[in-house]
Amino acid sequence: MIRCPKCGALNQDSSRFCNSCGAPLQRTQIRCPVCKTLNPAGNVFCDKCHTRLIPADAMLPRQTESQPSPEPGESVRQISLPVRSDLGKTGPLTGFPDWLEGLTDETPLPPTESEPAANDFQAEPVELPDWLLGILPQETASSGEEASQLPDWLGGLAAPESEVTPSAPAEEGPLPNWLSGLAAPESEVTPSAPAEEGPLPDWLSGLAAPESEVTPSAPAEEGPLPDWLSGLAAPEPEAAPSAPAEEGPLPDWLGGLAAPESEVTPSAPAEEGPLPDWLSGIVTPSGAASAGTAAFIPEAPLPTGPAQAPPAEEAGGGAFAETPGAVPDWLLSLAPQDLPSEPTQGAFLIPEEETEEAEVPDLTPLPEPRKPTTDELARANVPEWLRSLRPEGSFGEATGVGDKGTVFVGAADLEATLGELEGELARAEIPEWLQELRPTGAPRPEGMTLEQFISQATETEGGPLSGMKGLLQPEAMVDIPPDYTPVVRYELPAAVLERARLWQTLLEQPRSAQRKMARRRVRPGMGEQLARWLVALVLLVVGIWPLLGYPVPVNVPLRNPSGLQGFVNTLEGLQPGARVLVAVEYGPAEAPEMAFMTEPLLTHLAARGAAVDWVSTLPEGVGLINNLRKDPAWDAGWQTPGYLPGATTGIASYVSLHQEYDVLIVLAARSDHLRWWIEQNTVGPRWPVLVGVSNAVGSLMIPYLEIENLKGVLIGVQDGTRYLAQRSGGSLAQYPMQRRQLNALVGLQWVTMVLLVGGMLWTLMTRKKGTG
Amino acid sequence: MKLLKRWGVTFFGILTAVLILLGILMPVTPLKEIRLILLQWAMVIAIFAFFLAFLHLIRVNLARLKQFKKYGVPGLLTVFSALLTLILVFIQGPQGTYSQLLLNAVLIPGEAALMGLTAVTLLLAGIRIARVRPAHEVILFTGVAALMLVGMIPILPVLGTLASWVQKVPAMAGLRGLVLGVALGTLLAGLRFLFGFDRPQSEE
Amino acid sequence: MNPTSLALIATLIAAGSLAYYVLRQRRYVLDVRRYPVFAALAEEVGRSAEGGTLLHVALGRGDITGQDAITSMTAFLGLSGLLNMAAAYDTPPIITTGNPTLYLLADDMMRRSYARIGNVKRYRPTLVQYVAASPITYAAVSATQLYKAEGGSNIVLGVFDQEVSLLLDAGERHGVASLGGAVSPQAVAAMYPALSSDVLAIGEDFFSGSAAQMESPIYRASLWTQELLRWVLIAAMVLAGLGALVGLGGG
Amino acid sequence: MPVSLDLVAGILGTVFTVLLLSYLFGDTVLYRWTLAILVGVGAGYALALALRYLVYTWILPMLDAQTGLELRLYYAIPIILGALLLFKGFPRLSPAGNLSMAILLGSGVAVAFSGALLGTIIPQVDATGSGLSLRAGVGQVFNGVLVLLGTIIALLGFSPRPEPQVGQARLWQVWLQRFSRYLLIIGLAVAFAGALTSSLMMLVSSLAFLLEKLFSILAIGL
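Chains as they are written, first to last, in the working numbering: chain A, 193 to 964; chain B, 351 to 554; chain C, 128 to 378; chain D, 13 to 234.
Just so you know, the hints here were simulated from the structure itself, not pulled from any lab data.
Misleading hints may appear alongside valid ones.
[Stated by the list, open to error] Computed list of chain B residues with no C-beta within reach of chain C, every gap over 10 Å: (1) Gln-417; (2) Val-508; (3) Leu-512.
[What the hints assert, rightly or not] Footprint (simulated), chain B over chain C, 3 or more residues, beta carbon under 8 Å: (4) 196 to 204; (5) 231 to 239.
Given the structure is predicted, the values throughout are model-derived calculations rather than measurements.
Yeah, the Cβ is synthetic: ideal placement off N, Cα and C, and Gly gets one too.
Bound-form chain A, shown alone:
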């Protein structure tokens, strides 16, 4: 969930605007290289096309012997990648360096139902480094920590106020330009101009982009984890096309700075003094510019195709679509000022994609910004947290000491300075996976054709392409600036994406351990088969015995059911010619059981001279009605039977059209059919109701049988035979078959009871616990 910086409402991860106040939500992104979708920092897989965003081998922080585990208190920072504790689960990401621990927006909501954490960053109170306070969301700043200003060294780097109007009011002041690229591209926030004051630190001097060509992209409004940090959280996904930066691989966290694969040919490695490994990839190419120029300006020619403006929603700062081929803005703003005003051929090309909804970009040429001189850059003081990241020997000699004790070093005599600072600076630990990306071969000298260069190139060791020559080193792209959109030649159809997602959920789906898997039941053995035959045989014998007229131990006494009297009294109250509606709601299967009550009912109705209409919602019911009307004596003035198709619908429309009945009699052997009639009668005319039901329905319909206009109930064979007996002078002498069937039923009930109790006790004793 993403917390809206403005109103504090919680929103879905994928929301781009706050549901309650509409403010654009700040999110740091990892862009999926396949389908361009921007995913929350912590994602292992892309939300849309489920491409893996975090290389599999980078998921497990390797604790090799060669790297001594950092002693407690040691200030060495191991840059290892966050690992999701269990693939697919959305558990908290682990493995962040301490200083990043509190920043991930993966912090799980507290389990209790209480108000979820006011801010994703603050599941529990985390001590944040000062320098980040200024750029955390409003909530964090206000919730307990005092809102502190941006650290001075960053102040100077913020984008100048004038060029860009910040959309959301940046309470803590505009972010530094080198961070401005980190702002969530989603929001249509026009990037805030980098603040003028304060020279760049030396170590960043090489990164400064010429301010003239590119206006920095959307400023990093306070928001969760900044992009360049998220690079530490999720380095470039494997599937990403390896950027062919020949002059040696950019370190991951700067990978985003490299030009996209298609447009960039690596520039020659810097000749001046040995730069630190993690910076070496970004030192200025030979000949292109002097030291301190933007190191990554490639020489490759511009792509011939028409420039494609970045689509609106990825343009992030949308308002300022980058000119094609311009260096990513957050870095361009750092480059020394002496770069040529026109973007060099083959500069970092950001195609611009036309989209209807995209705001019309303001392409008015920006004023010529003043470029910080090399010394100014050198004197930029290095913050505490950055100094600890500084590998040995990466800075020039100190040209002064800032007010906070920061040492200003010049770019030229880096080696000497390091010697002095050996004691203070702790060697930065470069992770294993970063080491592999260290440039190995020498870049292609000028004038040499590609074929010649490849033939001399050394073979690649290891990996799928081992043994091949002249391969471009994989360049990890941590994040591509918001306004950069790779040209995806092949648009994945939605169906393929949906299928990929389904496969992914299938693979990710943890086996539901809680459910005891239904044990595969083996086909029952001979024992069970015998038990089945025994039970069947017993039932058949006990059933047939009384039917053949043999004597039975007990002749079933006919007791007076409570519902019978009401039934009889209501029918006795009918006047000759009274309109009676009889609903036959049982099928051929239940006909024999219902015959016990339908026969006495028909004789009773005929005796009262009532005009009876027969209806049924069952097709077979109509046929049964004809069976019942075989005897002409029962046929006086009765309507032809009505078939009501459409179940409740048929009942509802029939009841609404025919209001003229005095009594409704429902003969039902299905509980839902009885319920429909009772409900539609309650909704409609509310006629007095008489109900005749089978045993199965009778036991269930008790809750329904206590309604107001219900006058009488007959349940099953026992009430039916009693009604039959009452209609025939009090005894069943005239109906021998019904008497035998009643005795057979009672016999079967007692035998079934014995079998149930005996079977239950037997199974309890043998206690074979199986699942269903």
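Dock chains B, C and D against chain A, hints included.
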């Protein structure tokens, strides 16, 4: 056009439900008639659905003729008996002699026999209950079922009284709780349809 | 007060509270109990695909133009995960229904699962079957599907009565594991002794379980509303009882 | 039915009953053939009656010359929608029938929704309350109170909240959950006994039918 394709069908489903519901909850003149008309139309459309399902039943059984050895004869019997019955009953109506013959000779005895089979399957399930349920539930269930079996048509009056009380008080409470719970679930599922959250009718 | 106006008031209360909870869905985080049977449904596809065994889904005879429309719709909600997974694996279950309109809805649902992943050509209409006109014949014919299907799965979800015991007994007989749920007391009474509690959804759990397994805020809001209406119902019963005690109520 | 048809019906019925009851002892081929015929006859019979209703109650009046335009439209619309539904038989044209399905579902949901309210909730609440009316006597009031409390406990048992576990929840909550389960089991046991009795009755009547027909066929009086 895309909007209509996506929400058009959903809209009609919800409109039909709302109109019929208003016709029941506010039975005033125009709404009552609209409700009746819509209910009858639904009834007629359901008959077309039955016709389509019947054709599918024939098609499935004809498709089974390919594996003649295993399914051939039952498939043929189903197709032949279905078409013959359809023609005879449609022509003669329910009162016709052959309709009566089919009803009394095939449907009533056949379905009654199948219902008779459920007596054995229910009893076997009751006997095996201890394999899937905990002991205290098994004892309670079997005890009450046994009491009801002998109390429904009581030979001993005291069993009848006890069975009647169990049926009228604890069983009533349990079944009423079950039925009311089902009604609550039905209300919410219906509301989700009316709000458009559940859209079984649309192609999405 | 006549029932119709009471029903109108109840409808407005229910609709209003559902709208409120949907709008405030983020504040109301509802812990929901485990409904293992719905969680296990999608896995049955995996098991049947891996083992090459039969997966049979019996949807009962709920007519979608009548009282059982909502129960049948809820059964499809519970089965949505299974149908999607079956389309993805391309190992569709055999679906049997005992009502023509329910058959059409089942055919739609299965076809859409295939169409959603662009695979509508692979959809085989003969696997969704309208089997019989009467409930007992439907149960008997569905039971024949389990003949020689040892190791398969038999999912029983929808509108049944006591005839469901024929289906469950066939599963027991042919070594097929059964799971499912029902709402009518007759069906539940027949299923209760045959299935254990973690493979059976009874009554309201049939509705709550299928909503809970959707894991989306709207269904959580629906469960919240259900919880609220439960207490409204209890209050109404107590008031009706007190009213009857002091001689106001009917009866 | 003339006497000879009666005899035929009797013989057919007997054969059907015997073959279907043979399932008790094994899933035989004859049982399947008999079941196949039962399925065909059942479906044909039901569809025939439904089509007769459609033809005589809807199509013929629609084609009748005297029918007014308005009434003719009233008859024609559902028939057109029904015809559209037939496209569901072809997977590729299936979406053409979605409108008809929407109307079927809409009417079903409305009927079920109103049925739940008007047929179940309101009558049950009223019946639970009226169980406490003094008119039926003190004994009834005591039962009424028990039913009211039992219904409330049973209803609470179906709450979607996590089941209270011993040690995690208060004791009364655990016992409330357990008691609601017991009430439900008692209700299901009563329903089970009712269903079993009904099935036993079907078995008895099948056997009675069988014996009656056998003896009448063999001309031996019972």
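Each hint, compared with the structure:
1. Against the 10 Å criterion, Gln-417 of chain B stays outside the reach of chain C, whose nearest CB is about 12 Å from its own CB.
2. Annotated as non-interface, Val-508 of chain B keeps its C-beta farther than 10 Å from every C-beta of chain C; the closest such distance is 25 Å.
3. Every beta carbon of chain C lies more than 10 Å from that of Leu-512 of chain B, the smallest distance being close to 20 Å; the non-interface claim holds.
4. Counting residues of the segment 196 to 204 of chain C whose beta carbon lies closer than 8 Å to any beta carbon of chain B gives 6, which meets the minimum of three for the stated coverage.
5. Given as covered by chain B, the segment 231 to 239 of chain C passes the check, having 5 residues with a CB less than 8 Å from a CB of that chain where 3 are the minimum.
In this structure, every one of the numbered hints holds.
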